[in-house]
Each structure stands twice: as C-alpha cells, then as structure tokens.
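> Residue numbers (the working numbering), protein chains in the order written: chain A, 1 to 452; chain B, 1 to 452.
Some chain A residues flagged as far from chain B (calculated, every beta-carbon gap over 10 Å): (1) L65; (2) L90; (3) G102; (4) R183.
Under the rule of at most 16 Å between Cα atoms (straight-line distance), these lysine to aspartate or glutamate pairs were calculated in the EDC-like manner: (5) B/K357 - A/E45; (6) B/K23 - B/D51; (7) A/K229 - A/D249; (8) A/K357 - B/E45; (9) A/K229 - B/E69; (10) B/K229 - A/E66; (11) B/K229 - A/D249; (12) A/K229 - B/E66; (13) B/K229 - A/E69; (14) B/K50 - B/E17; (15) A/K229 - A/E210; (16) A/K229 - B/D249; (17) B/K229 - A/E256; (18) A/K229 - B/E256; (19) A/K229 - B/D257; (20) A/K229 - B/D72.
For the record, the hints were derived by calculation from the structure and aren't laboratory data.
Where is the CB? At the ideal position from N, CA and C, for every residue including glycine.
Next come the chains, spelled out residue by residue.
2 protein chains.
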Amino acid sequence: MNEEISASDGTITESVERALAEKDLPGLSTVVNRLSPPQVIDMVERMGVKDRAVVFRLLSKGKALEVFEGLDATLQGELVQGLKDEEVALLFADLDPDDRVGLLDELPATVARRLLQGLPPQERDLTAAVLGYPHGSIGRRMSPEYAVTYPDLTAAQTMERVRERLDDAETIYTLPVLDSGRRVVGVVSLRDLMRAEPQSPVSDFMHAPEVVQATMTAESAARRCADLKILALPIVDNETRLVGILTVDDALWILEDAESEDAARISGSEPLRRPYLATPVRSIVRSRVVWLLVLAVGATLTVQVLAVFEATLEQMVVLTLFIPLLIGTGGNTGNQAATTVTRALALGDVRPRDIVKVLAREIRVGSSLGLLLGTVGFAAASLLYDVQIGMVIGLTLFSICTMAATVGGSMPLIGKAIRADPAVFSNPFITTFVDATGLIVYFLIAKAILNI
Amino acid sequence: MNEEISASDGTITESVERALAEKDLPGLSTVVNRLSPPQVIDMVERMGVKDRAVVFRLLSKGKALEVFEGLDATLQGELVQGLKDEEVALLFADLDPDDRVGLLDELPATVARRLLQGLPPQERDLTAAVLGYPHGSIGRRMSPEYAVTYPDLTAAQTMERVRERLDDAETIYTLPVLDSGRRVVGVVSLRDLMRAEPQSPVSDFMHAPEVVQATMTAESAARRCADLKILALPIVDNETRLVGILTVDDALWILEDAESEDAARISGSEPLRRPYLATPVRSIVRSRVVWLLVLAVGATLTVQVLAVFEATLEQMVVLTLFIPLLIGTGGNTGNQAATTVTRALALGDVRPRDIVKVLAREIRVGSSLGLLLGTVGFAAASLLYDVQIGMVIGLTLFSICTMAATVGGSMPLIGKAIRADPAVFSNPFITTFVDATGLIVYFLIAKAILNI
Chain A
1 MNEEISASDG
11 TITESVERAL
21 AEKDLPGLST
31 VVNRLSPPQV
41 IDMVERMGVK
51 DRAVVFRLLS
61 KGKALEVFEG
71 LDATLQGELV
81 QGLKDEEVAL
91 LFADLDPDDR
101 VGLLDELPAT
111 VARRLLQGLP
121 PQERDLTAAV
131 LGYPHGSIGR
141 RMSPEYAVTY
151 PDLTAAQTME
161 RVRERLDDAE
171 TIYTLPVLDS
181 GRRVVGVVSL
191 RDLMRAEPQS
201 PVSDFMHAPE
211 VVQATMTAES
221 AARRCADLKI
231 LALPIVDNET
241 RLVGILTVDD
251 ALWILEDAES
261 EDAARISGSE
271 PLRRPYLATP
281 VRSIVRSRVV
291 WLLVLAVGAT
301 LTVQVLAVFE
311 ATLEQMVVLT
321 LFIPLLIGTG
331 GNTGNQAATT
341 VTRALALGDV
351 RPRDIVKVLA
361 REIRVGSSLG
371 LLLGTVGFAA
381 ASLLYDVQIG
391 MVIGLTLFSI
401 CTMAATVGGS
411 MPLIGKAIRA
421 DPAVFSNPFI
431 TTFVDATGLI
441 VYFLIAKAIL
451 NI
Chain B
1 MNEEISASDG
11 TITESVERAL
21 AEKDLPGLST
31 VVNRLSPPQV
41 IDMVERMGVK
51 DRAVVFRLLS
61 KGKALEVFEG
71 LDATLQGELV
81 QGLKDEEVAL
91 LFADLDPDDR
101 VGLLDELPAT
111 VARRLLQGLP
121 PQERDLTAAV
131 LGYPHGSIGR
141 RMSPEYAVTY
151 PDLTAAQTME
161 RVRERLDDAE
171 TIYTLPVLDS
181 GRRVVGVVSL
191 RDLMRAEPQS
201 PVSDFMHAPE
211 VVQATMTAES
221 AARRCADLKI
231 LALPIVDNET
241 RLVGILTVDD
251 ALWILEDAES
261 EDAARISGSE
271 PLRRPYLATP
281 VRSIVRSRVV
291 WLLVLAVGAT
301 LTVQVLAVFE
311 ATLEQMVVLT
321 LFIPLLIGTG
331 GNTGNQAATT
341 VTRALALGDV
351 RPRDIVKVLA
361 REIRVGSSLG
371 LLLGTVGFAA
381 ASLLYDVQIG
391 MVIGLTLFSI
401 CTMAATVGGS
411 MPLIGKAIRA
421 DPAVFSNPFI
431 TTFVDATGLI
441 VYFLIAKAIL
451 NI
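Looking at chain A on its own, in the form it has when it is part of the complex (with noise of 0.2 Å):
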C-alpha cells in the first residue's frame, strides 16, 4: 500500500516539476487539486521557496487552510512572507487559535502584531488567552475552544449543547464537566452520553478527569496524552479551572517534533526546524558544529591521558593496538545502559529515586558482560600475542565493561533529577567520559602487570 502511494507520488512530482518549469498554471491547478492534502505537504515541504508560494496559490480554499495546518511552523512563516497581506489576513482568521500562535512566534512582531488587530474580537480573545502562556508551555499549544458540560444538566441538554458547538468546538469527543467555579470534576465521552438514559444528570455517569496545568511543557503533557491513550486532555490553571484541551492529534504533532529534538540531540546535535531536504546546508552544518566542537575539545582528554603515558606506550607499541577496541567497547556499554535507562524514564518505568535499585543491577549488568567479553578478550589476546598481554586486556575489558554500564546507567537518572534533560547527558558525552577513565584503568593495570 505505502509503496503504491509513493511510485504514484513519483509520477505527480514529475508532472507538478514539468507544468512548473513550463509555467503550465491551469494544467497544475488540476494536478494539485487532484491530490489529497497529504500529498500536497508531502510535495511541497521539498519543494523551493517560490515554487511553494506559486502551488499554494493554487490550491482550493478549503485545501489550502488543510496544506497550511498541516506544515512546520517554520515553512507556514516563510509562505505567509510569500503572499500578500490580504491572502494572509484571510488564510489567518481561518485557522485555529492554536495554529494561530504557532504561526505568530515565526513572524516578525510588526506583521504577528498586524495579523492580530485584523482578527474579529472574539477570535482575537480566544487568540490572546493561548498567547498569554510561556514558550514551549502546553498553554501555548492548546485549543481554547472546547466544548463542556455541568454535573446537574442531563444527558440530554448536554447533548443539545454539543449540537451547538459542531463547528467550533476542537472536538466533541470528549466534554470535560465543570462545577460552578469552572474546576473541572469530571469528563465525560461523547459515547457515555450516547448511551446514558437521556434523562439522568452527568454526574451520574461522568468519570473521574485527568489533567494538565497549562504551564507544563508542551512535551509532558502530549506525553501524557499519549501514555493514557485518550482522546483529549483538559488543561487547566492552578487552581484546576478549564483553559484549553489538547486533543490527541495535537498531541502527536508535539510528540513528532519532540522525537525528532531527542533523536538529534541523543546523537549531538541541534534538532533541524524544518524538513531535511528543505533546510539549507549552512543550517545542517550550523546544527552539528557546536557539538562537534565541544566533544572534540572533551575528547582532548584523552590526548591527555596517553600524552601522561606515553614513556609506557614507547616501552610497549603493542598496547596501542587496542586503544580503539577498548574504548569502542566501553562506549558501547555505556551507550546500551543510556538508552535502555533512558526509554525506561520516558515510559515512567523508573524514575529518579530508584537511582539505588539501577546502579545496583547495572553494576551486576556490566559486570557480567564485562565477565563474558574479558574472557574472550583474554583468549582471544593470549593467542595471539601472549598471556601477559592477554590478562591486561581481559582485566581491562572486565573494568571497562562495569563502569561504563554503571556510568550510562547512572547519567540519565541524574540528568532528570537535576531536572536537565535527560537527552543532554547524551550519549557522546558518556562517551567522551568512558574513553578517558577506560584508558587511565587500562594503563595502570598494563603498568601493573606487565611492570613497567
């Protein structure tokens, strides 16, 4: 099925690029009208500036408003930049309050200022309240258009409240139930009402709500859409009252970009704002740089440390052969010990104060590893060049192997405790650590038994 869609993709691509190149306007109006608003980001996101502005142009109301919701925040900004003033006014009362503000925080503040004093007052209100939220807040990302009902109405007046609520409301799923001081002390489904006696009172058959504060992070709290797997979270202020729902589908486009920061932060490296192929080689290297930089002067540590040995390492050319082998495999413990803790802590599985019950498995972990490739080590090593040698490497696999899962092990729980993300006690920097510790361990035991 997937691949169907993309060779079918691999024809419309070519025929959008030839009507492009031949300014065949009408003909490719038909073409991107023909495809589904999927299709169309697909294809524009790798797509020039201009050649965006000129398809979006093209594209139906309806299709266009789809397209737009449905783009980085990033590309929106530089596509409003690329119409005028009074396509954008019309395309930006259209969208939802949320999108709204996400669209507001890529423009420069004179034409966000702009945009907002175009808006009809209500909107405008509905906008504000989203926008009164700190960057990176759940506030900032909810819907202030939800749809609720009371304890005392019965199932029946709710229902007729949901009736008028169809168009606006963000979804109608899921009606979260309020007492007299807009707290929220319940949520019901759209199928509990369904199925209730049209006419017993809410109160009867709502369920006990969770929620959100609308200043936690965006990324915890879609987490936590996710984890209880449901259709929308109320988001509420401190003092549990109704501000905003975030619905599930929002809180996937949060999860996405959170993925992608973690996965480019996990290798060392600054998350790209936009899609690959459309984010300009500067940007790429401008992403990687720094870290590249900041590893390369920890990783100077180790120059240190093998300049600190180096009358031992003159005396004995053969050491030098393992140094890659010793410190690639300490790099690997570490970085297994990292990730599994690290999955562990997103899904809730541990938390910081079982760092105690960790270090004591991971200790028991690293070891026996270390037990099972020290002996090979040793082997494999006396064979080949002698049982001296053969002991140091197996004694340094063996120690190399425990601290490198205790330390990876350790690393995330501490970062989340000291409330870092545990994503920036990355696995290069475990790395970086594991490499200068695991060769002073493996000196000093080469010094030891080889006595020199």
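Based on these hints, arrange chain B on the given structure of chain A.
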C-alpha cells in the same frame, strides 16, 4: 502536576508494600481499589510476580480488566499463569479480540487452545479472524469489532446503527462506509453525522478514505495512523474489503513498543520485552551481549589496521595520542548524519530514491564541518607539537568528517532500500566502519607528510 502525582505515588507504594509485608489483605484491597487503573499498572509493573498476582486478585472486576489490558503482553502472560483456571477464563472472555490475540501469543499452546475453546462461539470467530494474520502484521493488532454504514443510508439511519453498536464497537467516532461488496468507499466521523441533515444520504457527506492492508506491518500501519493524525484507520484485505479497524489509542501502544525497539537497536542492544525494573538481570545481559560481541569482533579491524602501521607508530609514538580523538570525531560526525537521515526517513521527509540528493548534501555538510574542525585541529596541534603534526591532524580531520558524514547519511537509505530496518544499519556499525577507515586515512596522511 506530574510531580504531585509521583509524590503521592511514593506514599501509596509504601502503604502497599507495608500491607503486602504484613499480609493485611483487607487493608491492601482498600488501598489498591482507591487507585486509578494507570496508578495500579504503574505499581504492579514494579512488583515481583507473586505480589502482582496478590494485588491483581484484590481488584474489583472492572478495574482488574482495565489494569490487565494496560499491562505488557509478557506481564499478562506471567500473571495469567499465577491465576486459577476459572479466573483466567472469565478475564479472557471480557478482553477485546485484539488483546486476546496478544495474550494468546504469550501462553503455552495448550493453555491458549483451552482458553479459545472456552469462548462463546461468536467471540471465538472474532478472535480467530485476527489470529489468521501473520505475526507482526496489523491484522493481528486491529480490532474486528467496528461500526459501519453504507452510502445510501441516511444520517438518521446511520445514527440508529451507531446506537446499536454503542457497547461493543471499538470506536463509534469513525465509521467506514462500505459498498455492497464490503469495500471501503468512504469514511464519516460521528461529528459529520451529527452535523448532517437527518435525511441526507451518507454519500453526500462522506470523505475519501485512508486505509491500509491487514498484511502491512503493525508498526507501519500505526505510524500511518499517527502521521495522518486521525482517530481510526480502516484495515482492509487486498481487495479493499473491510476486515478491521485500528484506533489511535491502539496505534499509540504499537508505536510505544516500536520506539523502544528502535532506541534499543540504535544503541546496539536487543529490545527488552518488559519494563526495565521487571526484567531479570540475566535477560538484560542477554539483550546486550550479542551485539557487544559482534561490535567487538568488528572492532578487531582497528587492531589489524594498527598492526599494519605498527612500524610507523614505533617511529612516531606521538601519533598514538590523537587516535581516540580522531576516531571519536569521525564516529560523532557519522552518527549525527545517520540520526538526521533516519529521522527524516521515519517522517517521510526523504525517501530511498533521494539518495543522490542526500549524498550531495552530506558531502557538502561533511566537508564544511571537516574544514572547520580541521582548521581548529591544525592550529591546536601546530601550537602544542609542530606544524607538520598540525598538518597531519588538520588534513585527517577534514577527510574523516567528509567521509563519516557521507557514509552516515547514506547508510539508513541503503538499509531502507534493501528493506532492512534502518535501525539495524545502526550507529555502532557506522562507528566501527569509520574507525577502521579513519585510521587508514590517518596513517597514510602521516606517512606522506612526515616521510616515514
């Protein structure tokens, strides 16, 4: 908010542990039945096998079912083996067909067969339908209990059908529209239905359907559902006849598992099949040791390369000092590129046929990074040692960065093109390859410049 929950969890865990130790079953029952199902799940995932069965038995029937559904299949399997036959049969009959299939896969074949035969005939048929698809396919994970409508039914008639399926359909918010051959010709949301005139036919307001085939891998199907940000995805056979439905909450379960697997594979270990703290140490060791050994064997390549250049090293021991720094930088550069491209592949931003574009970009990115790092390395090494060493280090950094970015960026695409999991062409392999070739480049440059 999150912090408050964990704090109260701490006290709960303590009181549960105390009650378990004192065998105070009535007290324990009160405590655990006051918790929400997600809290109970969190708690039992961190318990030993026996305590888990004790706690589970004390839950009220509805809560027990919800908790059971929230557990990993492996833990479900263990739990079932600790319960009495009648208890298992009752629980099993209450599960949804897709959950039942997941559990059956975890149980010994005889137990599985007995459980299946104990089901009412209709439930057995539904379960068998799901069991007919291959392991790992979405057919195994979909729900066969869907609500559907037809193009010539009216909105009011469809609403009537929905009311009849309120209790047993997996979702009522997304309804596939079928033609007389059960082929999916459209989809309507419950919101569309409520918005439509009661007498208008479904064909007037249905949308074009997004569907996937039941033989597609569960991960691809779940990813598609999440990418489309839709609440449910109809699953069809190869003639687009409806066979099941995948809801976004089930898609999220599938993706959670898939992400854990990918994270594990990228770091070179096998995924754990249950929560970290519930996994025995020997299973963790087993999940890591094979890859560590494979990677260590791969790393013996570096030993061989260094052995070839042993004479050069004896003449210039100073060259040894930079080995970890150079191969570390190469590894980091390769990992950055591989991670960026793997992520872009997962998001559909690049496809295997973009390999030329990707190669062209990564050569430019890598050489720019190499130019920057090489200049810094040249300056630093010239100051600390001499200009000749500076030139060797600078040129080597330039070559290694260019090569590593190119290899790292193309590996995931090659992996995808030959239909291997891109995560199998994982970062540690790139590192091993870049280590060995980087060392060769280093010594060739050193020999040329230093005339040794």
